[in-house]
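2 protein chains.
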Amino acid sequence: MSKHASLPGFRDFHPEEMARRTQIMAAWREVARRYGFEEYDGPPLESLELYIEKSGPEIVNQLFNFTDKGGRDVALRPEMTPTLVRMLGTRIKGLPRPVRWFSTPQLFRYEKQQRGRLREHFQLNMDIIGEESIVADADLLSAALEVLRVLGLTASDVVARVSDRRLLHAALVELGVSEENLAVAYNVIDKVERDPREVCLERLGAIGLDRERAEKALGLTDMTLEQFAAAHPGNEVIAKVAEDLRVYFAALGSLGFGDWVTFDMKIVRGLAYYTGVVFEIFDRRGELRAICGGGRYDKLFSALAGVDVPALGFGFGDVVLGELLKDRGLAATASRALDAMVIAIDDASREAALETVAALRGAGLAVIYPYRAGGVGKAMKAASASGARDTIMIGPDETARGVMKVKRMADGSEREMSVEEYLGELK
Amino acid sequence: MSKHASLPGFRDFHPEEMARRTQIMAAWREVARRYGFEEYDGPPLESLELYIEKSGPEIVNQLFNFTDKGGRDVALRPEMTPTLVRMLGTRIKGLPRPVRWFSTPQLFRYEKQQRGRLREHFQLNMDIIGEESIVADADLLSAALEVLRVLGLTASDVVARVSDRRLLHAALVELGVSEENLAVAYNVIDKVERDPREVCLERLGAIGLDRERAEKALGLTDMTLEQFAAAHPGNEVIAKVAEDLRVYFAALGSLGFGDWVTFDMKIVRGLAYYTGVVFEIFDRRGELRAICGGGRYDKLFSALAGVDVPALGFGFGDVVLGELLKDRGLAATASRALDAMVIAIDDASREAALETVAALRGAGLAVIYPYRAGGVGKAMKAASASGARDTIMIGPDETARGVMKVKRMADGSEREMSVEEYLGELK
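Sequence lines, in order, name chains A and B.
Residues in the first sequence are numbered consecutively from 91, following the numbering used here.
Residues in the second sequence are numbered consecutively from 91, following the numbering used here.
FYI, nobody ran anything at the bench for these hints, they're computed from the structure.
You can trust all of the hints, since none of them are fake.
As the list makes no split between identical chains, a pair holds if one copy fits it or if it spans any two.
Cross-link-like lysine-lysine pairs, in silico, DSS-like; alpha carbons within 27 angstroms at most:
| no. | residue 1 | residue 2 |
| --- | --- | --- |
| 1 | 468 | 183 |
| 2 | 416 | 202 |
| 3 | 471 | 495 |
| 4 | 183 | 389 |
| 5 | 471 | 183 |
Predicted, not measured: the structure shown is a model, and the values here were computed from it.
Bound-form chain A, shown alone:
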């Protein structure tokens, strides 16, 4: 391994890449703030047990795990939810509900190496804990969509595909799928877009669905919500969930995201713990993996922390989003916006120049100056290369009169003004 390389699957963020990460982080934080979420974070290293408990021992194959110098089995966090449950499990009883928490952790998985497959990424996690109402599900999805809107994307660029685990469960049970075979049936539906139809039918056959019922099961996946409800007359669970989802879509409409969402039974979400609404956001062109996914997981706090409290949340990674922003020409480029470079035109003006620098920075401006005394020509070149908006020159003449010479680099115009006048103009 070259000593000048990062580990495979890990990114270096030079200022160019950092500007794009900062753009995404800022959008995440801004939306979380507008939606009234409070930020939390946990350690990037946790007890290995925490992840095994939630996901089973097979998760270990995908982890960066090791035994630390104190003999503890530990792992770099692959996801945030176990930490959230650990932190909130002991506190939730004393907090006014619902709790709205968000975090932007860096997560780690030892993925098999493939082109473009990373072993770390940043992920916005937003979770609402202690709320059963379907309107909370709508508010949560609208937050994810708001992130995309804040970044300049529209309903023409992305779509949220929404289903509900309870619908799929009820319909499969009605078709005769037994509880122990549900996981297989979910998996078939999850892959219905990728696998050949014949393979799907075969797999459903293997869990006891005859051809007719297997066709029926696959047929569900293309239905609208109303078609789905109409196809199950007399099923009270489905009637109730359908009514819930009508409230859900109406709320999203009122929140301004009617054009951004669609009912889609093909959305299952791999994780077994979802209990209600599930969603994934995709680019409309279908070129990228899911941008964001989440849903309701009402049983997880009970299973892991022994407190029976409903919850819902999503994970929203930086990688696919970053690709989408680049593709659409929306990715940030500049990483530094300098207001001014201050140049002393002789040694005697050095002190006045530094005092000016301090005054401008103290007022919040981004200001640099040449560290070495030297030719003004060279300094002017450096100012131009730095991308500073203004070059400010200070000489004995200016100092005596309490002014500075301000050159606006964009048009080359020069003016004499005091620090106060300069700051006043920028307000």
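Once you've looked at the hints, dock chain B against the given chain A.
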């Protein structure tokens, strides 16, 4: 280990603690921006070799290191400089100098467990690469001090103690300390405040300084810069460095930090690689460990990346700073500032209420609403508990007239106004 605990030495950041972390991060970023630094980051996991190469094999005892599933020896980063050198080493030749880069990594050390000793912390790293001038050293220290000033601290709270490795080196050589014994002598000076005088003299004796010269060496540590220069007449190195330091302190004075800095030969800095100015910032009461430390390391890029380029930088951790802010009553408390809670007073007003929520959030306000339809009284209680500045009520009457009822929670006053009027007032 309880499954409800984080690993020893690792912090959970509940919203209360996160607010304090955010306060510090914001100050770090704001000052870095004002000083024209660009942000970068590297992976928290790096090749173990990277750290051994810089610090020697004994560093491994302090690391979270392991062998990953691909057989690579890796470590959680204990410091940022090796990553900086790795990332910049290959690029520095093509970049306009000086390069000003900053980062705010979380760092990890497997410290022996003691009360309050953490195994992770966040650290602002600011580095200037490709600049020899001592004025760059002054600008760098002023950035560290500016962070403290931005957070509300003053020259009465903190002091930067500054020395220069070249002075100590020249003085010790003049006293007859050989090159191979310099590290021991540095170490004695570094600990002169903690170790008994007799121990210091003994240790200097062990490396060949007789009593008189040992006393002389210790005597250096209390001198002012001018005393130090006067005590070494005819030593050209010392004369030159003293002149450099006069420029340095003058620049800090012009930058507004004259009262914040002092010359102090007792500052050595443990790390062997410093080559010029070194500094540490302390609370004036002397109650805490160093807040920030750094200096010039002109040979490190050459040693690690094979490019001969001067550099200087500092590390500024969040833990001691956090303690200081708490002690001085300057730590942030609120983690969420809600502008409004919007309440539909009946089911028919639900849609209008959600549209209002969307309009206010779209304008950048932080807004929540009750997810469940229910009594207005209960919703008002929740609004009060949420800490929202305003409660906004929307009923059929208000909707018909295109207004909303705004209750300012601080004084209980109620007014009717449109969304536009409300937003206009807040501007």
